[in-house]
Each structure stands twice: as structure tokens, then as C-alpha cells.
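Turn these sequences into a full structure, and let the hints guide you.
Top to bottom, those sequences are chains A and B.
Heads up: the first sequence at position 25 corresponds to 25 in our numbering, and the numbers run straight through without jumps.
Heads up: the second sequence at position 207 corresponds to 425 in our numbering, and the numbers run straight through without jumps.
It should be emphasised that the hints constitute simulated quantities derived from the structure, not laboratory data.
Glycine included, every Cβ here is placed at the ideal spot set by N, Cα and C.
Among the hints, a few may not be true.
To be verified - If you want a taste of the chain A side facing chain B, the calculated C-beta under 7 Å gives, among others:
no., residue
1, F5
2, A45
3, T48
4, S65
5, A73
6, P74
7, M75
8, L92
9, W201
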Amino acid sequence: MSKIFGRFAALREVTAAFQPGRVYAIFGDNGAGKSTLLRVICGLASATAGKVMIFGSRERSVFTSRLGYMGHAPMLYDEMSGIENLRYFAGLYGISDSARCEQAIVAVGLDPALTRRVGEYSQGMRQRMSLARAAIHDPEILLLDEPFSNLDPGSARAMGQLVAGMRDRGKTILVVTHQAAHLAEIADESLWMSAGRIAAWERGIAAAERAAASAVVS
Amino acid sequence: MSGLASVTASNLRKDVRLEWRSKDAVNAMLFFALLVVVIFSFAFDPTAEESRQIVGGLVWVAFLFAAIVALNQAWMRELRNQVLDAYRVSPAPANALFLGKAIGNFLFISVVEALLVPLFVVFYNLRSVGPPWQLVPVFLLGTWALVVVGTFFAAISLRTRSREVMLPLILFPVSIPAVLAMVEATTMVLTGTETPQFWMTLLLVYDVVFTTVCLLLFETVLHAE
Chain A
1 MSKIFGRFAA
11 LREVTAAFQP
21 GRVYAIFGDN
31 GAGKSTLLRV
41 ICGLASATAG
51 KVMIFGSRER
61 SVFTSRLGYM
71 GHAPMLYDEM
81 SGIENLRYFA
91 GLYGISDSAR
101 CEQAIVAVGL
111 DPALTRRVGE
121 YSQGMRQRMS
131 LARAAIHDPE
141 ILLLDEPFSN
151 LDPGSARAMG
161 QLVAGMRDRG
171 KTILVVTHQA
181 AHLAEIADES
191 LWMSAGRIAA
201 WERGIAAAER
211 AAASAVVS
Chain B
219 MSGLASVTAS
229 NLRKDVRLEW
239 RSKDAVNAML
249 FFALLVVVIF
259 SFAFDPTAEE
269 SRQIVGGLVW
279 VAFLFAAIVA
289 LNQAWMRELR
299 NQVLDAYRVS
309 PAPANALFLG
319 KAIGNFLFIS
329 VVEALLVPLF
339 VVFYNLRSVG
349 PPWQLVPVFL
359 LGTWALVVVG
369 TFFAAISLRT
379 RSREVMLPLI
389 LFPVSIPAVL
399 AMVEATTMVL
409 TGTETPQFWM
419 TLLLVYDVVF
429 TTVCLLLFET
439 VLHAE
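Here it is, written out as C-alpha cells:
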């Protein structure tokens with residue numbers, strides 16, 4: 001598929017197949033098309049040419065309840081507490097069980113009784129709450145865009161452990177990041193994107209390591 | 219249908235909670251409309267008879283401009299932190315978001331109207347010649363007319379660069395039949411010259427037509443890039 005914004009081709013004839021239950025790390029320079037790839041997959045943007053098939057279908061209704069997306073921004077209401085946010089977003093998936101929302105918050109290492117509004121959370125807490133929001137409906141596919149950005153080393157490690165836990169529960173996870181080290185133990189395969197194309201696709205995080213090595217050499 | 223109703227209720231609860239905590243829209247509308255009331259009362263200093271002739275127009279112009287503030291605020295909340303994208307990737311019906319927002323805006327604007335109508339009565343020395351209860355359906359139908367079209371066009375102008383300017387530019391021309399009906403019906407009740415039957419029917423038809431059109435088109439607007 002391709003995605004073109006005006007004169008700029010964000011994705012150029014990308015062809016990819018992702019297998020269930022695996023973690024894919026997506027690396028690349030800024031503007032390489034990583035985030036656009038996730039946005040097209042989850043339906044936030046439409047492909048200019050080509051198509052995306054999820055669970056064998058192009059119909060949004062087939063996959064929206066089985067797919068979770070965590071974007072750059074936290075996608076949470078600043079004026080509401082964490083549990084209020086999760087209850088609202090759970091309702092969008094037909095989930096009215098408050099205990100499930102509390103469990104989702106505990107699962108990301110936060111306290112569901114915290115009455116503080118999300119706008120007053122630290123960056124690490126917002127990222128965790130964002131992950132809880134993306135996974136509230138227990139989706140089979142998780143698309144995570146820069147989950148480690150702006151996190152201190154401890155919070156980034158904790159986020160990595162959360163992703164690993166989801167992989168162990170059989171989720172298919174696509175992670176866009178610049179920080180390959182956090183996925184060294186987690187990623188099954190890695191893609192290196194360059195100028196809207198998939199330039200390399202390897203096991204583990206080899207794609208990132210090879211690209212880093214060639215950048216140092218050049 | 220139950221999914222639509224429950225998600226609409228959930229969106230409405232969320233919007234009311236956000237507005238209760240920030241009071242952004244209600245405060246802005248209140249101050250704006252209050253300014254209009256005070257400034258025009260000093261500028262015109264009308265007699266009781268003149269007031270009955272002009273207040274219909276003043277009231278609705280004040281509420282129309284004040285509503286623009288609320289309508290822009292309502293969607294701005296969804297842009298912050300890209301929360302709207304979280305809705306777009308969910309299986310929740312698009313119309314539930316539209317209806318939740320429209321009903322929420324209707325409540326907020328109605329609150330402002332309820333607070334300001336007594337001020338209009340005091341500042342303009344208003345005494346209705348016709349039965350005042352007839353103003354209730356005029357206000358309900360008129361406010362819904364402003365809100366349903368305004369909520370829809372505010373969503374369209376959301377992704378434009380100068381959205382604050384864009385909304386009135388596209389909203390006002392489409393609202394002309396409704397504003398005309400609101401003003402005429404209000405003036406007729408206040409002056410007691412005729413029954414506002416025709417104008418209220420026009421408002422009702424406007425509400426039904428535009429609510430239907432907005433519901434039919436909103437999914438396309440929500441998922442547009």
C-alpha cells in the first residue's frame with residue numbers, strides 16, 4: 001500500500017504480513033513513515049493505494065473491537081481521573097464492568113483509587129494509563145506508537161515489561177520506537193523503514209542494529 | 219439501538235463532567251451574552267412597546283453568538299491529547315458522539331438562556347402581551363436548531379486552521395431560516411399581534427430535517443482525514 005499527503009509520499013508500496021502472537025519492532029528515522037504505517041493499519045488514515053486486511057477483512061467493523069492503538073499523545077481527558085477515563089473508554093467497547101477498569105489500571109502499575117486528574121500525572125503515568133486505555137478491551141492486536149518516548153530509564157524499563165507481559169498473553173504487537181534497547185528481549189522481528197519503504201526485515205532487533213552500524217560507518 | 223443509547227448517554231455524562239469541572243463554555247457564553255444585554259440596553263434605552271418589538275432579535279443574536287463559543291469549546295476538548303482518535307478507532311457508533319455533544323451543548327446553552335432571560339426582562343422592562351408560556355417551545359425548538367447545526371459544522375471546521383472564524387462563516391448562512399423563525403415567533407408572542415404557529419412549525423421542520431441530515435452525514439465527517 002501507499003499513503004500520499006499532497007506531494008509527500010509517507011508510505012511507498014509497502015507490502016507486509018504480520019503473524020499472530022509475535023512482537024514486531026518498527027524502527028526508522030524521523031519521517032520514515034512508521035507512525036503513518038500504524039495509523040493506516042488501525043484505520044485512522046486511509047491508504048492512497050493498496051489495501052490493509054486484518055483478520056482477512058477490510059471491513060472496520062471486523063477488527064475495531066479486536067485492535068488497540070496507543071498514539072504519540074496519551075489520548076486521555078486531562079480533566080478526568082484515570083479510572084473515569086478508563087470507564088468512559090471501556091463503555092465505547094460495550095464494557096460496563098468497573099472492576100475490569102480497575103484491574104487494567106493495576107496491570108499497568110498504577111493505583112485505581114488515585115483521584116488526581118490525568119492532566120496532573122507525570123509523563124510516565126500518562127504513558128502507562130494510555131497503554132491501559134489501548135488494552136482495556138483485551139485486543140488481539142496492539143499498535144504502540146513511541147511507548148518509550150519521554151520516559152526516564154526506570155519507567156521505560158517498566159513499560160518494556162508491560163509489553164513483554166502482553167506478548168506472553170499471545171498478543172500481536174507492533175511497536176514503533178527509536179529506542180531499540182528496550183525491545184532487545186521482547187521483539188521477535190524488526191523492520192527498518194526508510195523514506196516510506198521497508199528497507200530491512202530481520203529477526204530480533206537486528207534491523208535496528210544493522211542500520212545503526214551502517215550509520216556509524218557512513 | 220441500545221448501543222447507540224448507552225454510548226450517547228456515556229458521551230453526555232463525560233461532556234457534562236468536563237464542563238462542570240472547567241466551566242469554560244458556560245462562563246464564556248454567560249459573559250458574552252451578559253455584555254450584549256447590558257450594552258444594548260444602554261445604547262437603545264427603549265420604551266416597553268419598543269422593547270417588545272426588538273428584544274426577539276436581540277435575544278437570539280446574543281444567544282447565537284454566545285453559542286459559537288460553546289460549540290467551538292465542545293470539540294476542542296476532543297482535539298487535546300488526540301482523544302478523538304481514540305473514539306475513531308473504537309467500534310462505538312459515530313452518531314452517539316454527535317448526539318452526546320448536541321444534547322450536552324443544548325443543556326449548556328439552555329442553562330445560559332435560563333439565567334439571561336430574566337435579565338432581558340429587567341433591563342428592557344419587558345411585559346409579554348401574548349401568553350408567555352408560548353416562549354418555552356420557541357426557545358426549546360430554537361436552541362435545538364442552533365445546537366444541532368452548530369455541533370455538526372463545528373465538527374467539520376475542527377480540522378481547519380482558523381476554525382474559530384470558519385464556524386460562524388458556515389453556520390450563520392445555514393441558520394438564517396431558523397433565526398428568522400425564532401425572532402418572528404418570539405416577537406409575535408411578546409407583542410401578542412398574531413399566533414406564532416407558522417414560525418414554530420417552520421422551526422420544527424428545520425429541526426427534524428437538519429437533525430436527520432446531520433445524523434446521516436456525521437460518520438463521514440468523523441472519519442474524514
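Checked hints:
1. F5: 9 Å, violated
2. A45: Holds. Min distance 6 Å.
3. T48: 11 Å, violated
4. S65: 5 Å, holds
5. A73: The hint holds - A73/A has a Cβ within 7 Å of chain B, the shortest such distance being about 4 Å.
6. P74: 5 Å, holds
7. M75: With Cβ-Cβ at 4 Å, under 7 Å, it holds.
8. L92: 4 Å, holds
9. W201: 26 Å, violated
Checked against the numbered hints given earlier, this structure breaks hints 1, 3, 9; the rest are met.
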